[in-house]
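Student: We have chain A; now place chain B onto it with these hints.
As given, the protein sequences belong to chains A and B, one line each in that order.
Per our numbering, residue 1 is the first one in the first sequence, and the count goes up by one each step.
Per our numbering, residue 1 is the first one in the second sequence, and the count goes up by one each step.
These are calculated hints, taken from the structure and not from any lab test.
Keep in mind that this is a model prediction, so the values were computed, not measured.
Treat the hints loosely; a few may be bogus.
Here are the simulated distance ranges between beta carbons [to be verified]: (1) B:V306 <-> A:A42: 31 to 41 Å; (2) B:I76 <-> A:S203: 54 to 64 Å; (3) A:R142 <-> B:V306: 20 to 30 Å; (4) A:P95 <-> B:Y141: 39 to 49 Å; (5) B:A50 <-> A:P95: 27 to 37 Å; (6) A:H144 <-> B:A50: 40 to 50 Å; (7) B:A50 <-> A:F232: 49 to 59 Å; (8) B:P72 <-> A:A145: 20 to 30 Å; (9) B:E200 <-> A:R287: 17 to 27 Å; (10) B:R233 <-> A:L194: 38 to 48 Å; (11) A:E180 <-> B:R233: 36 to 46 Å; (12) B:V162 <-> A:G54: 37 to 47 Å; (13) A:G110 <-> B:Q325: 47 to 57 Å.
Some chain A residues well away from chain B (every beta-carbon gap over 12 Å; in silico) [as the list claims (entries may be wrong)]: (14) T10; (15) A19; (16) F60; (17) F61; (18) G87; (19) I129; (20) P161; (21) T206; (22) E231; (23) N236.
Far from chain A by the CB rule (all over 12 Å, computed), these chain B residues [as the list claims (entries may be wrong)]: (24) F62; (25) T68; (26) E74; (27) I88; (28) I159; (29) K161; (30) F284; (31) Q325; (32) A331.
Note that beta-carbon positions come from the ideal geometry of N, C-alpha and C, so glycine has one too.
This is what each chain is made of:
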Amino acid sequence: MSSTPLSLTTTSRRRLSRARISNRVFTATLWITGILALLPLAFIVGYVVRKGVGILSIHFFTRTPAIVGQSGGGISEAFIGSALIVGMAILFSVPLGLLAAVYLSEYGTGRFASMVRFLSEVLLSTPSIVAGVVIWTLVVVRLHAFSAFAGALALTVLMWPIIARASEDVIRLVPQELREAAIALGAPKWKVILRVVLPAAVSGLTNTVLLAVARGLGETAPVLLTSLGSEFVNRNPGKPTDTLSLRIYQYALSPVKSWHDIAWGAALCLLVIVLVLSVTARYLTARGRRNAR
Amino acid sequence: MSLTRQTAEVRAPMEGSRRARLGDVLTKRIVAIAASGVLALLLLIVVVLATGGGKALHKFGFGFFTSTKWIPTEEIFGAAPYIFGTLITSAIALVLAVPVALGLSLFVTEVCPKPIRGPIAALSDMLAAIPSVVYGLWGIYVMVPWMGTTLEPFLGRTIGKVPGLGALFHGNPNGGYNIFTAGVILAVMILPIIASVSREILSTVPRELRDGAYALGATRFEVVLGVTVPFARAGLVGASVLGLGRALGETIAVSMVIGGFNGHIGFSLFHSGDSIPSLIASNFNEATTAGAERSSLIALALILVVISLAFAALARLLVRRANRQMRASFARAAA
Numbered sequence: 001m002s003s004t005p006l007s008l009t010t011t012s013r014r015r016l017s018r019a020r021i022s023n024r025v026f027t028a029t030l031w032i033t034g035i036l037a038l039l040p041l042a043f044i045v046g047y048v049v050r051k052g053v054g055i056l057s058i059h060f061f062t063r064t065p066a067i068v069g070q071s072g073g074g075i076s077e078a079f080i081g082s083a084l085i086v087g088m089a090i091l092f093s094v095p096l097g098l099l100a101a102v103y104l105s106e107y108g109t110g111r112f113a114s115m116v117r118f119l120s121e122v123l124l125s126t127p128s129i130v131a132g133v134v135i136w137t138l139v140v141v142r143l144h145a146f147s148a149f150a151g152a153l154a155l156t157v158l159m160w161p162i163i164a165r166a167s168e169d170v171i172r173l174v175p176q177e178l179r180e181a182a183i184a185l186g187a188p189k190w191k192v193i194l195r196v197v198l199p200a201a202v203s204g205l206t207n208t209v210l211l212a213v214a215r216g217l218g219e220t221a222p223v224l225l226t227s228l229g230s231e232f233v234n235r236n237p238g239k240p241t242d243t244l245s246l247r248i249y250q251y252a253l254s255p256v257k258s259w260h261d262i263a264w265g266a267a268l269c270l271l272v273i274v275l276v277l278s279v280t281a282r283y284l285t286a287r288g289r290r291n292a293r
Numbered sequence: 001m002s003l004t005r006q007t008a009e010v011r012a013p014m015e016g017s018r019r020a021r022l023g024d025v026l027t028k029r030i031v032a033i034a035a036s037g038v039l040a041l042l043l044l045i046v047v048v049l050a051t052g053g054g055k056a057l058h059k060f061g062f063g064f065f066t067s068t069k070w071i072p073t074e075e076i077f078g079a080a081p082y083i084f085g086t087l088i089t090s091a092i093a094l095v096l097a098v099p100v101a102l103g104l105s106l107f108v109t110e111v112c113p114k115p116i117r118g119p120i121a122a123l124s125d126m127l128a129a130i131p132s133v134v135y136g137l138w139g140i141y142v143m144v145p146w147m148g149t150t151l152e153p154f155l156g157r158t159i160g161k162v163p164g165l166g167a168l169f170h171g172n173p174n175g176g177y178n179i180f181t182a183g184v185i186l187a188v189m190i191l192p193i194i195a196s197v198s199r200e201i202l203s204t205v206p207r208e209l210r211d212g213a214y215a216l217g218a219t220r221f222e223v224v225l226g227v228t229v230p231f232a233r234a235g236l237v238g239a240s241v242l243g244l245g246r247a248l249g250e251t252i253a254v255s256m257v258i259g260g261f262n263g264h265i266g267f268s269l270f271h272s273g274d275s276i277p278s279l280i281a282s283n284f285n286e287a288t289t290a291g292a293e294r295s296s297l298i299a300l301a302l303i304l305v306v307i308s309l310a311f312a313a314l315a316r317l318l319v320r321r322a323n324r325q326m327r328a329s330f331a332r333a334a335a
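Pulled out of the complex, with its shape left as it was, chain A reads as follows:
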């Protein structure tokens, strides 16, 4: 008796079960890879928190480094230096990046614009040490001094393309209708950009700045060649200046045990600041997208 059309032959049944098994294996592999890939995050963050949290005290934030052999001491100069250098870098890179982004989003239809867009994407991959070497040659040599100013310029080299490219995407999210409505009311284009487009994009633009700050705070190599680092509190842009990242780098490589502890504490602070900034930016971006829809 022949089988009914719907029942399966033995070979096709075997093939089906093989397909099912390989599918299971594949799905399991993906689960394992997914978890495996995120393990380093847990390891690193967990370890930094465990090693770093014990050293944090009032003195850690208010004092400058202790002399070798003495216990205690803090890294207040690194917090102030990081704020000074990244603050100046923001001052330089945000206007430059924003203007370039306005060009790309509001006027950027031609061949020149697509070249700028492409090259600013490529520049996102500039090795950070290269920014240090360039600014060392241009600024440190000319002024005969390592300085916070040079450090800020080195960070600007890295942050400008980031802000330009990310802000363009944000500005493009502003609904076209808003621009058309403003133009219909007789507003000139510059006024449309300044009074309608940019205010509408302001929360998204804040996020790009947050991300750029996070990137700038974490960079070590460019400030190593330009700001050098210092043991003292410095508020003068023309003098060598410490940053959190430089302090971690120097203490990590030193042979002094108490300095290693401080390096872990500094790493914890840096990690918390950077992660809070990027998580906030991410959250705000997601919310902004939802609101735009």
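Tutor: Quick look at chain B alone, frame taken from chain A:
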């Protein structure tokens, strides 16, 4: 977009306000200058490095790239070990990171339950946000000892015995400060970058194609292997090349764990070495300007930036073309 421009043109002749027109011209000019600044920046980087490195390149000529000796006291500078160190650490990173990153992005787009999809993507982006120097610190105190005492001796005993391939995993791990450790740390660092670009690429594969395959009775495995991945291939290659570009230029974490080049040249990944960025980071501030040392370091920076930006450009082109193809085929499917 086109509507705006039309409206503006129609309005222009009627409009009397000269100030408004002047404002428009001025605005356009200012933002265009800022945009050209991005091009100028690239040009500036290349010109500054070429000028600064000129002395060394002129003095040593092509030998700069092939010589393996770097002796500041005798004014002898050869870049070969550092170029090699850069390429080999990045290659290790790529080999280790690409499969895991691809797995992670497929996990997020295909397998993982919807509610935890966002959080997983967020965690992977957090991994990308960890500063290089923190990786380096963790590397020195956790990775290096573990590599030196546990993983690398183990690899030496097992893969090290295989003829041919074994040469890579041979010899004394040097306490863990070596090329292999640097490659592993780099792998962790570029993983989230490759994963996030791949994720974007994979999520743009048209639903219709995958649904069609599912409707034909294909399993998830068959859909991913037969439809999703082939369709997104160019973009996935682009994502990996982007990660490679990042690995080539990574500085601080590598310089903290790679050990420093000590003149020994061999196949083994267990030797300490230097990459171009790690050499610059550890020697630049102490270098003498009188001789050719500083100029040699600047010439190395030039080589580095040319290589990594070339890979970055290639990657962006691949990703962009992949996106365009996808949009085109999506339009075809919709029509």
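Student: Please go over all the hints and tell whether each is borne out by the structure.
Tutor: Comparing the hints with the structure gives:
no.: 1; hint: B:V306 <-> A:A42: 31 to 41 Å; in the structure: holds (37 Å)
no.: 2; hint: B:I76 <-> A:S203: 54 to 64 Å; in the structure: holds (57 Å)
no.: 3; hint: A:R142 <-> B:V306: 20 to 30 Å; in the structure: holds (25 Å)
no.: 4; hint: A:P95 <-> B:Y141: 39 to 49 Å; in the structure: holds (41 Å)
no.: 5; hint: B:A50 <-> A:P95: 27 to 37 Å; in the structure: holds (29 Å)
no.: 6; hint: A:H144 <-> B:A50: 40 to 50 Å; in the structure: violated (23 Å)
no.: 7; hint: B:A50 <-> A:F232: 49 to 59 Å; in the structure: violated (37 Å)
no.: 8; hint: B:P72 <-> A:A145: 20 to 30 Å; in the structure: holds (24 Å)
no.: 9; hint: B:E200 <-> A:R287: 17 to 27 Å; in the structure: holds (20 Å)
no.: 10; hint: B:R233 <-> A:L194: 38 to 48 Å; in the structure: holds (44 Å)
no.: 11; hint: A:E180 <-> B:R233: 36 to 46 Å; in the structure: holds (40 Å)
no.: 12; hint: B:V162 <-> A:G54: 37 to 47 Å; in the structure: holds (45 Å)
no.: 13; hint: A:G110 <-> B:Q325: 47 to 57 Å; in the structure: violated (23 Å)
no.: 14; hint: T10; in the structure: holds (18 Å)
no.: 15; hint: A19; in the structure: violated (5 Å)
no.: 16; hint: F60; in the structure: holds (16 Å)
no.: 17; hint: F61; in the structure: holds (19 Å)
no.: 18; hint: G87; in the structure: holds (18 Å)
no.: 19; hint: I129; in the structure: violated (4 Å)
no.: 20; hint: P161; in the structure: violated (6 Å)
no.: 21; hint: T206; in the structure: holds (17 Å)
no.: 22; hint: E231; in the structure: holds (16 Å)
no.: 23; hint: N236; in the structure: holds (20 Å)
no.: 24; hint: F62; in the structure: holds (22 Å)
no.: 25; hint: T68; in the structure: holds (22 Å)
no.: 26; hint: E74; in the structure: holds (24 Å)
no.: 27; hint: I88; in the structure: holds (17 Å)
no.: 28; hint: I159; in the structure: holds (20 Å)
no.: 29; hint: K161; in the structure: holds (26 Å)
no.: 30; hint: F284; in the structure: violated (6 Å)
no.: 31; hint: Q325; in the structure: holds (17 Å)
no.: 32; hint: A331; in the structure: holds (20 Å)
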